[in-house]
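Chemist: Chain by chain, the residues:
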Amino acid sequence: MTDSSLHTDKLADLCADETTRFMRHEANDPHYCFELLRRALVDSSGDALTHVYRIYEPLVLSWVRRHERFQHTGEDASYFASLALRNFYFAVRGAKFSNFQFLPQILRYLKRCVHSAIEQYLRDQQPTADSFIENIEQIGDATPLESELEAEDLWMHILTLIPEPEDQLLARLTFILDMKPAEIVRGHSSIWAHERAVSVALQRIRRRLRGDEFLRQAADESR
Amino acid sequence: MECIFPPALTEQELSAALDGEAGSAVQQHLAQCPYCAGRLEAARRLEQRLKIILYRFDCPPSQQLVDYDAGLIDPASAERLRQHLATCARCGDELRRLQVFLDDDGEAAPSLRVVRSQRQRPGELVAQPRADTAAWAARGLQDGQTQDWEVEGATIFLELNHRAEGLVLSGQVVDETTSWTGALAELRQSETLQGVSVLDEMGEFHFVLTEAEPASLTITAPGGTTLVLESITLND
Numbered sequence: 001m002t003d004s005s006l007h008t009d010k011l012a013d014l015c016a017d018e019t020t021r022f023m024r025h026e027a028n029d030p031h032y033c034f035e036l037l038r039r040a041l042v043d044s045s046g047d048a049l050t051h052v053y054r055i056y057e058p059l060v061l062s063w064v065r066r067h068e069r070f071q072h073t074g075e076d077a078s079y080f081a082s083l084a085l086r087n088f089y090f091a092v093r094g095a096k097f098s099n100f101q102f103l104p105q106i107l108r109y110l111k112r113c114v115h116s117a118i119e120q121y122l123r124d125q126q127p128t129a130d131s132f133i134e135n136i137e138q139i140g141d142a143t144p145l146e147s148e149l150e151a152e153d154l155w156m157h158i159l160t161l162i163p164e165p166e167d168q169l170l171a172r173l174t175f176i177l178d179m180k181p182a183e184i185v186r187g188h189s190s191i192w193a194h195e196r197a198v199s200v201a202l203q204r205i206r207r208r209l210r211g212d213e214f215l216r217q218a219a220d221e222s223r
Numbered sequence: 001m002e003c004i005f006p007p008a009l010t011e012q013e014l015s016a017a018l019d020g021e022a023g024s025a026v027q028q029h030l031a032q033c034p035y036c037a038g039r040l041e042a043a044r045r046l047e048q049r050l051k052i053i054l055y056r057f058d059c060p061p062s063q064q065l066v067d068y069d070a071g072l073i074d075p076a077s078a079e080r081l082r083q084h085l086a087t088c089a090r091c092g093d094e095l096r097r098l099q100v101f102l103d104d105d106g107e108a109a110p111s112l113r114v115v116r117s118q119r120q121r122p123g124e125l126v127a128q129p130r131a132d133t134a135a136w137a138a139r140g141l142q143d144g145q146t147q148d149w150e151v152e153g154a155t156i157f158l159e160l161n162h163r164a165e166g167l168v169l170s171g172q173v174v175d176e177t178t179s180w181t182g183a184l185a186e187l188r189q190s191e192t193l194q195g196v197s198v199l200d201e202m203g204e205f206h207f208v209l210t211e212a213e214p215a216s217l218t219i220t221a222p223g224g225t226t227l228v229l230e231s232i233t234l235n236d
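The listed protein sequences correspond, in order, to chains A and B.
Using the numbering used here, the letters of the first sequence map in sequence onto residues 1 to 223.
Using the numbering used here, the letters of the second sequence map in sequence onto residues 1 to 236.
Errors might be hidden in some of the hints.
Dumping the calculated SDA-like pairs for lysine to any residue here, alpha-carbon to alpha-carbon at most 25 angstroms [to be verified]:
| id | chain 1 | residue 1 | chain 2 | residue 2 |
| --- | --- | --- | --- | --- |
| 1 | A | LYS96 | A | GLY74 |
| 2 | A | LYS96 | B | THR226 |
| 3 | A | LYS96 | B | VAL198 |
It should be emphasised that the hints constitute simulated quantities derived from the structure, not laboratory data.
Okay, chain B solo, but in the shape it has when bound (with noise of 0.2 angstroms):
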């Protein structure tokens, strides 16, 4: 294929298209030529793969940054941090938000009400109930219904018993990757928070519940992975 209306588009004029400063006569010829579309294309392409893989790549972790500002994080990361940002314009522009928003004390009234939508957020994992559990079963020696959920490589056991106390929701993450000690467990009804556990040593957690509505799970390791598991049925 070659240019339908020579001269091709030159190097200089595929930058300025690129960085979005091309002129009328360029991006009519754009509009026309399927080759220098082509090259232009190919030239976004190569941008966009660079700008993805790089994008902030040598930035410390926004709560690195927070930790810097107070005073937290010990002296030799300090350094490192105070010479990254003498050269990173993001870093310092994250830091004088930090600023405008701590010294924000204006009124804001506190909602009461806590809407959480159902979708799939960055490190988290759904879980799923596994087929031949689905439904809580007795199993083996255990008093209560258990119920197994599974995500890539982590299993949830969770277990059902009716007690004085109200109806207790056991459980324990299974993971052969990931630490789960330590983690914390959120449960949550009709969108409002129940309880809040720690996972023990043994990855296990429980909590009592007064009703039998449907509950939702989110289980967050010390490095950031979560586990989400919706809509527990909680009718034995």
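Only chain A is shown next, with the shape it has when bound in the complex (with noise of 0.2 angstroms):
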């Protein structure tokens, strides 16, 4: 019999068995879950992706516990599990499963959503943390798309205050970026050799910013 005249449950449960020795690190053979995932993203039957989430979902779970970046969530290992597999779902489906020839290549890619999970986590958490509440509330009822665009019009507004291309530079490193003098120093010794260099053209940034009646504004605003 072939794995594609298997009913879905006798591949899950094969897949299952060849999955617990692969977390052994014992011989497995991959078809079987290959097939499943096939059936799972491809056909998108509900039985296969259901399978796919009891099989994999505690391989998923371990992995989100040993990422570097776990520990500074503050969330539970689950929500990144079901974010990832979610992620992984929609960025693998269809005709997209065809980039994907073999089992490992493809665990390894749902290896990689966890990463992604994670990572855009911290980095939508990052500049609210040590803000007011009413910013993170503002933030919040923004779509990315108007986010982008608030951020886009500020970017090309500051842009005009500071045009020399070092300032230009240093303001990206700062509000973009948000990296500490220390850091700036680290990636740029050729523009600022010391911390005092990079605090220094930072005042003379700032200053020009605080003078911006509509950045005053928007200041204002967040009070």
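Bring the two chains, given one by one in their own frames, into a single complex with the hints.
Modeler: Printed below as a string of structure tokens:
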């Protein structure tokens, strides 16, 4: 009997057995799991998807717990496991499944989805970490596209206030990438040899930004 | 108001305070002078506002970064990403951490128990049963009992039927702004996954259950918006 003719429940049993072997680092046959994933992702079979979740959720959870930044999130591991599985489904379903020929390749991609779920979560939290509650609510209300447009307009406005390329670079490192002076020196020592040089340049930039009426109003709105 | 310990702090001293690098004299001044403390507060407010709006606004999403690393994006997008990576330390850090994570195949005891917290996450919309249909009710010509849930313009119609194969929970998402075709519905009871279903072109889904325990349902649209229905009672 070929993999494709097996009933989904039988296929899932065989896949679960092989996954147990895989997790014990024992020799295992990847064909059953690959076929189960194909049915879940290409055929959109609810039964196959349910089995995929049941079989792989424990593995995904273990990956979440091993991620070096998971502890920084303050979230429970199951949240990221669900998120990673959903992102994986939407990224690999349909014709995109043909990008993968082997089970280890597709599982490695699932592991990548764990990484992106945690990193994106932390990225989204970062700017609000030490901010006022009303700012958090304002950002939460904006759609990603609205936030992006607002950000792009604001950045273009800032660039008009600080036309010098070095100032623009420093503003980017400070306000967009949230880098501290020591970090900036490490990455750009040819421009700023020491932290004091960064501080002096930053002070000049800040004075120009604070002198701008539009930016002052924007800051006042956050009060 | 004026500085009570003139001269007032200079722009450079305020800038150092913003960076957390002010000396003890400046810190002492700020602790005692409302005028200079107010100037620092105004500067900090502007700084925070700028960082909130601008933080990594032009960085590709993390999922796109991993797709790039996996060689799964088109050549033009890959070239744009390469250019971005040349100047973005944060995205470079993300890719370096990805490599470490992928290379780590150390042992991890998998936990079979999935514990879910009830907090609301970004992108999640928590639906509530509509007041007039909070209890399951017979409606029109339908065989089963129905209940409607709502959140921000989306309505989730649920129907419960007793069939030979078990308790059948069917549903449909109706939303004028978001397409729910191809969305992913996950149903759990007592934190245990009962089923996953892909919504059809009508936004419909169904699950067959063996127990009438309360259930939670999450439905995620292809765009990432997630509807959450907590504590659905299945006793009609």
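Chemist: With reference to the structure, classify each hint as holding or not holding.
Modeler: We went through each hint and held it up to the structure:
Distance restraint check for A:LYS96 and A:GLY74: the Cα-Cα separation of roughly 33 angstroms exceeds the 25 angstroms cut-off, and the hinted pair is therefore not satisfied. For the proposed pair A:LYS96 and B:THR226, the alpha carbon gap of about 22 angstroms is at most 25 angstroms, so the pair holds. A hinted pair counts as satisfied when its Cα atoms are at most 25 angstroms apart, and A:LYS96 with B:VAL198 qualifies at roughly 17 angstroms.
In summary, the structure is inconsistent with hint 1 from the numbered list given earlier, while agreeing with all the others.
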